[in-house]
Structure formats: C-alpha cells, structure tokens
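K.L.:
What follows is each chain in one-letter form.
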Amino acid sequence: MRARTLNRSADEELMPLLAEHDMTAFKLIYERHATAAYSLAFRIVGDRNRAEEVTQEAFVSLWKTGARYDPDRSSVRSWLLAIVRNRSIDFIRREAVQRVDARRNPEDVLADVAASERTETAAATHESTRELLGALSALPEDQATVVKLAYYGGFSHSEIAGMLDAPVGTVKGRMRLGLEKMRAHLVEAAG
Amino acid sequence: MTADGHERWADELGAYVLGTLDDVETRALELHVAGCRRCQEDERRLRAPLDALAAGVPQFEPSGALRRRVMRAARQGVPSERRPLWDRARRPAAVLAASALVAGAAGGYALRDGGGGAGARTLSARATPAAPGARARMIVRPGSAELVVERLAAPRPGHVYQVWLRERRRIRPSTLFTVDRRGRGAAAIPGGIAQGVQEVMVSEEPALGSAAPTSPPRLRISVT
Numbered sequence: 001m002r003a004r005t006l007n008r009s010a011d012e013e014l015m016p017l018l019a020e021h022d023m024t025a026f027k028l029i030y031e032r033h034a035t036a037a038y039s040l041a042f043r044i045v046g047d048r049n050r051a052e053e054v055t056q057e058a059f060v061s062l063w064k065t066g067a068r069y070d071p072d073r074s075s076v077r078s079w080l081l082a083i084v085r086n087r088s089i090d091f092i093r094r095e096a097v098q099r100v101d102a103r104r105n106p107e108d109v110l111a112d113v114a115a116s117e118r119t120e121t122a123a124a125t126h127e128s129t130r131e132l133l134g135a136l137s138a139l140p141e142d143q144a145t146v147v148k149l150a151y152y153g154g155f156s157h158s159e160i161a162g163m164l165d166a167p168v169g170t171v172k173g174r175m176r177l178g179l180e181k182m183r184a185h186l187v188e189a190a191g
Numbered sequence: 001m002t003a004d005g006h007e008r009w010a011d012e013l014g015a016y017v018l019g020t021l022d023d024v025e026t027r028a029l030e031l032h033v034a035g036c037r038r039c040q041e042d043e044r045r046l047r048a049p050l051d052a053l054a055a056g057v058p059q060f061e062p063s064g065a066l067r068r069r070v071m072r073a074a075r076q077g078v079p080s081e082r083r084p085l086w087d088r089a090r091r092p093a094a095v096l097a098a099s100a101l102v103a104g105a106a107g108g109y110a111l112r113d114g115g116g117g118a119g120a121r122t123l124s125a126r127a128t129p130a131a132p133g134a135r136a137r138m139i140v141r142p143g144s145a146e147l148v149v150e151r152l153a154a155p156r157p158g159h160v161y162q163v164w165l166r167e168r169r170r171i172r173p174s175t176l177f178t179v180d181r182r183g184r185g186a187a188a189i190p191g192g193i194a195q196g197v198q199e200v201m202v203s204e205e206p207a208l209g210s211a212a213p214t215s216p217p218r219l220r221i222s223v224t
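If you read the sequences in order, they're chains D and C.
Residue 173 in the numbering used here sits at position 173 of the first sequence, and the numbers go up by one each step.
Residue 147 in the numbering used here sits at position 147 of the second sequence, and the numbers go up by one each step.
Rather than coming from a laboratory, the hints here were simulated on the basis of the structure.
Among these hints, one or two may not hold up.
[As the list claims (entries may be wrong)] Examples of chain D residues lying across from chain C (beta carbon under 8 Å, computed):
1. 26
2. 38
3. 55
4. 85
5. 151
6. 162
7. 166
8. 169
9. 186
Even glycine gets a Cβ: it sits at the ideal position worked out from N, Cα and C.
Sequences and hints are given; from them, build the entire structure.
P.N.:
Set out below in structure tokens:
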C-alpha cells in the first residue's frame, strides 16, 4: 500500500526518505534508474562484471549520501549518473595504474572510440540515443573525439593532448566548442 | 574584460564539466566561478549535454543478482561483500599519512623514513619559520609520490600552491594544490620522485601555476 503511494512520488520527493533509511524509497529509485546507471557503467568500463560493481557502488553511495542531494542543482537521475560516471572513471584509472593497460595506447584508444561508435549506431533504438548520436554526429570529428575521450574514456586534457598530438589549449577549446554545439543541436531537436 | 578576468577561464569550463581537470585546477576554477556570474551561466550551458551523453548510451538490463546485492548492501549499511578489488587492497592515504612520525629540525625540514605500506617511504617534516606551524609529509612509492600538508596558511585569493622538484640547479614545475580552511591539503606528484631529485619545494603561485617559481618557497623538503 505504502509502496503504491510512494510509487507516485517524484524522485525528488523520495530522496529525503533515503536519509531516513527508507528501503521502499530506495528500491523505487533503483527500479527507475538501474538500467541507465548500469548501461553507462558498461559503456565506460566495457565489462559486465565491472559494470555491476560500479553500479552497486554508485547506488550504495546514493543510499549513504542521499541527504546531501540538492534538487536545485540537478535531477536525481543526473546526480546518480554523475556518480556512476565518476566511479567508472575511477575504476578504469585505478586499473590502468595497477597494470599496463592496452587502452592507454593512443592508437588503441582511438580505435575503441570508433568501435564504440559502430556499436552505438547499431544499438540506436532509444530516442535519447538517437538524439545524442545526432548531436555528436553534428560535431566536427576533432570535437567529437575529444568529448568522447573525456567523457567516456576518462582521460585528462593533457592525456588527450598527448594522444592527439595537439596543444592542451586546443584540446580544451575543442571540448568547449563541442559541448556548445551539442547543446544547440539538442535544443533544436527538442524545439 | 581582460585576460585575467573571464577569457582565461572560458576554455577551462569545457574541460571542467567533462571532468578532465585535476583536483587543483578544479579548485582554482571553482574559486573563480564562485565569483563570476558569467562563468556560472556558461557552466550551466555547457553541462546541458552531459545528461544526453550519460543517457545516450545503448541500454542494457542489469541482472537480478545485482539488484539483490545492492539491496543487501543497503540493508547492511556497508558496501557489501563484493567490494571492488581496489578497495580491498588499498590503504587510505589518510591512514598512511597518520602513520608518519613528524620530526622537525631548526631551519629546515628533517626527513626520515617512516611507514606507508609496502614499497612506500614516508618522509616527514616540520615547518621552518617561513611557514609557521605548517607540517608536511611526503609518501614516496615507486613511480608515485604524495605530498600531504597540514596547518599551511591558505594562499592569497587567485593563487594556489605549486610543487617544484629541484635537481641540482634545475627546478622543474610539478603539480598544483590548495588547502582547506584548516590548512590541510594533498598533492599527488605525477611520476613520483625521480632519481636525481634533491629537493621538493612549495611556493605560492597564480591560480594556473607558473613555469618557474615567482615567490619564495614556503616549504622545502630535502630528499637526499
């Protein structure tokens, strides 16, 4: 009965309940966002088991720190996905430190990006995926590459500059321009 | 608007929202953004596509087993038995730092080997009169090093601390960091302390760092 009532509540209304360790509210948050969280983790870490570990850590973090959520700054979904993204990047960075990671070879990294693009194109059945692909495909290749390497690859601006043999300032400029163009494309698509 | 005002931060914002700045660059930018309405608006604008980047990936259903583990972990209030490998193996830096013994010497930083875990040396120091009350420790591992400072006065607005590595007469710039209100801060030194480095120094520099020191060292740590 209570679950049915809470099920009609917005995420933002459920978050204060997490601070009170309300498992029903937590389960609802999980059901609503687990697929998005797991999928993003999978996209970044590239492995089912690792993606599950990252997703688990992100939800436990949400459970523990939900009291700090600020609805004025972002939606719950955005907040959670930011946690997932950050933990995924932490994961691959730590793995890279622990072993010589072939993904850190610039040519392999760039090949991974191209392979991911093919996967995403094949899997573009979700509306937001199509919008994103449209937004990314609208970018000049150099801007799309730095955005993907940064967001999905977790590389620092200096690492990307090294991979692309471009000045750091150029890389930062491409990031900004890429994000601005993506935003314009998404606004246009929504409008 | 001058180069010292807004423009110098414009491209930093794109790198910032994509999470590519290091901790010190991030703090420096956040200091600026906190007082710059134009940058605040730019940041909101640049963050807008991030939701699409996050949600725009191919969607896959997680397993039921994951759901059960997450719920069990939440009930227990701990990260669960399936903690990531890195958590199982890693000792928190704070623990490593706390294990260091602080030893001082008049007029400089007396370093000595301490704890710090397998393969690590903890070099500790006490401040000279140039940085009253400050303390610094450096945890050196093969290929990495971390400088931990305490009770170090906050840099002036628009400034950060920068680490320098001295090899004889050559001084190389290293990482940037700042401190919290209690004067605590930490800086990972990329590449660690290479052979030949004789001294680690810290000076106050403009927020984006300098190619060469522009102010006297606040901390000097002899490595040899």
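K.L.:
Now tell me if each hint is right for this structure.
P.N.:
Quick rundown of the hints versus the structure:
1. 26: It holds, given that the least Cβ distance between residue 26 of chain D and chain C is near 6 Å, below 8 Å.
2. 38: Constraint on residue 38 of chain D satisfied, holds at 4 Å.
3. 55: holds (6 Å)
4. 85: holds (6 Å)
5. 151: holds (5 Å)
6. 162: This hint is violated: residue 162 of chain D lies away from chain C, its Cβ roughly 13 Å from the closest one there, beyond 8 Å.
7. 166: violated (13 Å)
8. 169: holds (7 Å)
9. 186: Holds, because the Cβ-Cβ distance from residue 186 of chain D to chain C comes to roughly 6 Å (cut-off 8 Å).
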